[in-house]
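> Sequence:
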Amino acid sequence: MGHMVRVFCAAAVVLAASACGDGAASGAGDSKQVVIANFGGAVKNATETSFWKPFTADGGLAVRSDPAGGGFAAKLQAQAQSGRVSWDVIEALEGSSAVLLSRKGLLEKLPADLTAQLTKVSVPGSVQPYGVSMGDTGVVITCNMKVVQKCPANPAEFWDVKNFPGRRAMIDNPYQSMASALIADGVPVGKVFPIDVDRALRSLDRIKPAVNVWTTSGDQQMQLMRSGEVGIAFMWSGRAKSLADEGVKLKTSWDGSLVNPSYTVVVKNGPNTDGGLKYLKWYATHPDAQANLVNALGYGTSSPGVGALLKPGVRAWMPSDPANAKNQVRIDPTWWADNQREVEPRWRDFIAG
572 MGHMVRVFCA AAVVLAASAC GDGAASGAGD SKQVVIANFG GAVKNATETS FWKPFTADGG
632 LAVRSDPAGG GFAAKLQAQA QSGRVSWDVI EALEGSSAVL LSRKGLLEKL PADLTAQLTK
692 VSVPGSVQPY GVSMGDTGVV ITCNMKVVQK CPANPAEFWD VKNFPGRRAM IDNPYQSMAS
752 ALIADGVPVG KVFPIDVDRA LRSLDRIKPA VNVWTTSGDQ QMQLMRSGEV GIAFMWSGRA
812 KSLADEGVKL KTSWDGSLVN PSYTVVVKNG PNTDGGLKYL KWYATHPDAQ ANLVNALGYG
872 TSSPGVGALL KPGVRAWMPS DPANAKNQVR IDPTWWADNQ REVEPRWRDF IAG
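Note that my numbering gives residue 845 to position 274 of the sequence shown, counting from 1, and the numbers run on in steps of one.
By construction, these hints were calculated from the structure, which means they are not laboratory data.
Among the clues, some could well be false.
Here are the simulated DSSO-like pairs of lysine-lysine, each with C-alpha atoms no more than 27 angstroms apart in a straight line [claimed, not checked]:
id: 1; residue 1: K839; residue 2: K624
id: 2; residue 1: K691; residue 2: K849
id: 3; residue 1: K721; residue 2: K820
id: 4; residue 1: K680; residue 2: K691
id: 5; residue 1: K733; residue 2: K779
id: 6; residue 1: K852; residue 2: K603
id: 7; residue 1: K849; residue 2: K779
id: 8; residue 1: K897; residue 2: K721
id: 9; residue 1: K882; residue 2: K852
id: 10; residue 1: K624; residue 2: K882
id: 11; residue 1: K839; residue 2: K691
id: 12; residue 1: K779; residue 2: K721
id: 13; residue 1: K717; residue 2: K820
id: 14; residue 1: K717; residue 2: K733
id: 15; residue 1: K849; residue 2: K680
With the hints as constraints, model all of the structure from the sequences given.
The following block contains the structure:
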């Protein structure tokens, strides 16, 4: 979902970005509300309807939204350095960022009793020491069929500009785009991680002249495809679903797709840590609310009870659907946390060059 990768932004820029939105907290505690950082746009609208309003109506606290738009890791690190942490919860935080922030001691470790309780009602592996699965995202090739005549069915065909012409967009995210580049270069999906960075960059060098836009947000992906400015793109699957729901004539391919695990996490030393934990528990124990989100966006959540509550056709948008998972890479969140310092500068040089 979102990214989430601009981790080395200047601190002043990051602090300015984290202060924007429709109600970022000032840093002072407020036991009557929970401040939730989120991606904004379609994701914010869906989570507000599915989670925030029912949570408040259910006797919970008021929710204040900070639609930070991504870049959560950099922004939280800047908040912590300033001594003014303004968030209680980050929603749909990428797994790689969750691992990184947890290692830096910036996320609240879930209490043992809460972990045990949530593990009993969640899909195996979805409860981690730092949070609960929310927003597992597919990265899929998507085409606007009013703009192009043929849509690539896999990354190798995306790289084949001669036979699949059209303006293209890729995601400004090193590990997502590098993974797709390796698949395009013939690496089997089971061997993409650990990423061979040199090989991935060589593959990306071949497609770069044909990439018109490197996207930095889901809203940007949607606008480019909706307007027809690009006809072929790697997109986050929930954003592609939202476009299809709008009536845009899309074709989407899951062959060689990626699935990026994401989590709802509680921020350490936020204004209302107890409220953040209360919200996390509410989310994890309400499969009906989770089903509402999946019906809206197609993203994965933590409850095994969601499947029985889905609308017809929604499964086809889920990364976990067996048909979609046949030839798919599950991104290893620890790889980026382990290799970020080395890879990020090389990626920024690649984008700028």
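> Taking the numbered hints from earlier one at a time, note which ones the structure violates and give those numbers from smallest to largest.
Violated hint (a single one): 7; every other hint is consistent with the structure.
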